Amino acid sequence: MILSQGTDTFSHPSPPSVDIRSVSSARGEDPTDTIAVPCESRAAPSQALTVSQLARVIRDTVRTNPLLARVLVRGEVSGLQSAPAGHVFFTLKDATAQVSSVLFHSDAENLGFELEDGMDVLATGEVDVFPRRGTVQFLVRAATPAGVGAFWAAYQKTRKKLAAEGLFDPVRKRPLPPFPRRIGVVTSEVGAVVYDIVTILRRRYPLAHVVIAPALVQGPGAPASLRRALAFVEDRVDVVVVARGGGSLEDLWCFNDEGLARAVASCRVPVVSAVGHETDVTIVDFVADLRAPTPSAAAELLSPDAIELIVRVNAAGRTLVREVQDILADAQSRTTSLGERLSPRGLRRELDANRGRLDKARGALDGIARREMARHRDRIEALARRLDVLSPFATLRRGYAIAERPGGSVVAHVAEVAPGDALAVRLQDGRVHVRVNQEDP
Amino acid sequence: MTEEASFEESIGSLEAKAEALSQGDLPLERALAVFEEGLALYRRCHAMLAEAEQRVTKLVATADGLTEEPFDPGT
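These protein sequences, in sequence, are chains A and D. With the first sequence counted from 1, adding 13 to any position gets you my numbering. With the second sequence counted from 1, adding 19 to any position gets you my numbering.
Honestly, I wouldn't trust all of these hints.
To be verified - Now the in silico label distances, taken between C-beta atoms and shown as ranges:
id, chain 1, residue 1, chain 2, residue 2, range
1, D, Arg74, A, Glu178, 34 to 42 Å
2, D, Asp44, A, Asp442, 50 to 58 Å
3, A, Val438, D, Glu70, 49 to 57 Å
4, A, Phe102, D, Glu72, 52 to 60 Å
5, D, Asp44, A, Arg275, 23 to 31 Å
6, D, Asp44, A, Arg194, 34 to 42 Å
7, A, Ala96, D, Glu88, 43 to 51 Å
8, D, Arg74, A, Val324, 20 to 28 Å
9, D, Glu88, A, Asp442, 57 to 65 Å
10, D, Glu38, A, Val438, 47 to 55 Å
11, A, Asp365, D, Glu70, 34 to 42 Å
Claimed, not checked - Partial chain A-side listing against chain D, Cβ under 7 Å, derived:
id, residue
12, Pro219
13, Val223
14, Ala374
It should be emphasised that the hints constitute simulated quantities derived from the structure, not laboratory data. For clarity, every value in this text was computed on a predicted model and none was experimentally measured. Using N, Cα and C, we set each Cβ at its ideal position, and we do this for glycine too.
All chains should be built: construct the whole structure from the sequences, respecting the hints.
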C-alpha cells in the first residue's frame, strides 16, 4: 500500500514489507505484554487506562494499519539533527502539516546523498509510535531528492565531495582493452537499452562474449541493485558498460548515488558509462573511465569493428604477398646472373618450385579476401551510403548552398563578412560569385 | 600458435610476419616459411571473424552462487 503525493512520474518497486512483530521484538520490547482494553465504550473511572496502556493502544493501532506499514511520501526536510549514534532526526513538512521523522544509522549510510534542511525529498518507510516520548514517527528507509532544486543541491554536494577526493582526475582514467574477450553490461534486462547494446556488439564484434548483469535502473532500490550487479560482473569480464536509457531527473537519480560512484571508481576493470541522453551528465559519468553519450555509442566505443579488422587483415595479407614476390624476384635475378655463369639447373628448378608454392598461396589469399569482402559487401555499401548522406555534397544536392570566401574557406556566420566582401555561393552544379550588400543577423 | 590463440594474438602475429618480410633480410627459404605462416594466420583471422557467433549470457544469483544462463534480449 502506497501513499503518494504528486509523484506520478516516479515509480519504483516498493521496499520489502516489514513484519510488525519482528520490528517489535527487535526493539527489545515485550510483545507478550498484553493490554486489557475495556470493551465498553464508556469506561467507568475505575476502569481508566494507564498512560502506558493508552500509548500501546495508539501504537498497536498504528502498527496494524496497512496504510502506515509502507508509505511513500513527499515533503520538505526541516529541523535536521544528527545523533551521535548516526541516526538522523528531522521533520517532514508541507504547507499545513508536519511529521516527525527518523533515518536510522544503517539506512542513513545507504542513502547515497546528504539530507539538508529545506530539501524536497521523496521518502519511503513506515510509521511507528514511541510510547516513551509519546511521539508518532515516520521511519525513513530510503529517500531520493524530489524536484529540480533538491536534485541540484544533492548533486552538487556529491560532485564536490568526490571531486575533492580526486575521483574525477583524468589520470585515473584507464584505457579500454582493444579486443575485449568478455564484455559486462550492467543495466535493466528488459527494454531497448540491452537490446541495442547486444545488437551493436553482435554486428561489430561477435568474437566477444557479452555478460548481462541485470539491475534496477530507477527508484530508491536502484543504487544498491546497480552496485550488486557491478560487483557480480567485474571479476568475469575485461570491461563493463553501465547503461540506462533516457528519463526524467528522478529516473536518472540513482546514477548520482555516492556509493555507486565509488563502486564504479574502484571497479577492477575499466567502466564505460552511458546514462540517458547526451545532455544528461551524472556523477557516475564523472568517475567512469569513459563516458559515452548514449548506450548505443558505448557499445561502439568498447568494441573494435569487424570491418576495420578485415581491412587490417587484408592489408597484412597484401604485404605478405608483395614482399615475398619481391624477395622471389630478387632471388631470381641473382640466380639468373649466376646461371649465366654457372648454368645451375638445380637452382632454377628450385626457384620454379618456389614460384609454384607462391602462386598457389596467392590464389588462396585472393579467394579468401574476395569471399570476405562479398560477405560484408552489404555493410560496406551501407557505410558508404551513410558517408555520402553526411557529406556536404549530398546536402547541396538537396538544394542547400555553401558560402565561401574567394580562397575557398567556408563562411559560417554573418559576423564573418562585411558589406562589399566578395563571396562564392556553391550550389550542386557550380559556384555563383556574389558581393555582400547588407548584413542581416 | 595454439588453438586457443585469441583474435588479438592472431592479428598481431600476422602483422608481425608481414613486418618481418618487409625487412627484406631473410634468407629465401626462411622468407617462404614466414610467408606460409603468415598465410595460415591470415586464413585463421578471416575464419575467426566469419565463424564467430556471439555468446550472450545473463548473470543469475542462486543459492550456490553466481551462474550464467543464455540470454536473449528480445526485440
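Going through the hints against the structure:
1. D:Arg74 <-> A:Glu178: 34 to 42 Å: The hint (34 to 42 Å, Cβ to Cβ) holds, given that Arg74 (chain D) and Glu178 (chain A) are roughly 38 Å apart.
2. D:Asp44 <-> A:Asp442: 50 to 58 Å: Given about 55 Å between the Cβ atoms, the range holds.
3. A:Val438 <-> D:Glu70: 49 to 57 Å: For Glu70 (chain D) against Val438 (chain A), whose Cβ atoms are near 53 Å apart, the range 49 to 57 Å holds.
4. A:Phe102 <-> D:Glu72: 52 to 60 Å: At 58 Å between Cβs, range holds.
5. D:Asp44 <-> A:Arg275: 23 to 31 Å: violated, 55 Å
6. D:Asp44 <-> A:Arg194: 34 to 42 Å: Check passed, 36 Å falls within 34 to 42 Å.
7. A:Ala96 <-> D:Glu88: 43 to 51 Å: Taking Cβ atoms as reference, Ala96 (chain A) and Glu88 (chain D) lie about 46 Å apart, which means the hint holds.
8. D:Arg74 <-> A:Val324: 20 to 28 Å: holds, 25 Å
9. D:Glu88 <-> A:Asp442: 57 to 65 Å: Holds, at about 60 Å.
10. D:Glu38 <-> A:Val438: 47 to 55 Å: Cβ of Glu38 (chain D) to Cβ of Val438 (chain A): about 50 Å, so the range 47 to 55 Å holds.
11. A:Asp365 <-> D:Glu70: 34 to 42 Å: Roughly 36 Å apart at Cβ, these two residues keep to the hinted range, so it holds.
12. Pro219: Pro219 (chain A) check passes; min Cβ-Cβ to chain D is 4 Å, inside 7 Å.
13. Val223: Holds. Min distance 5 Å.
14. Ala374: Nearest chain D Cβ about 5 Å off; hint holds.
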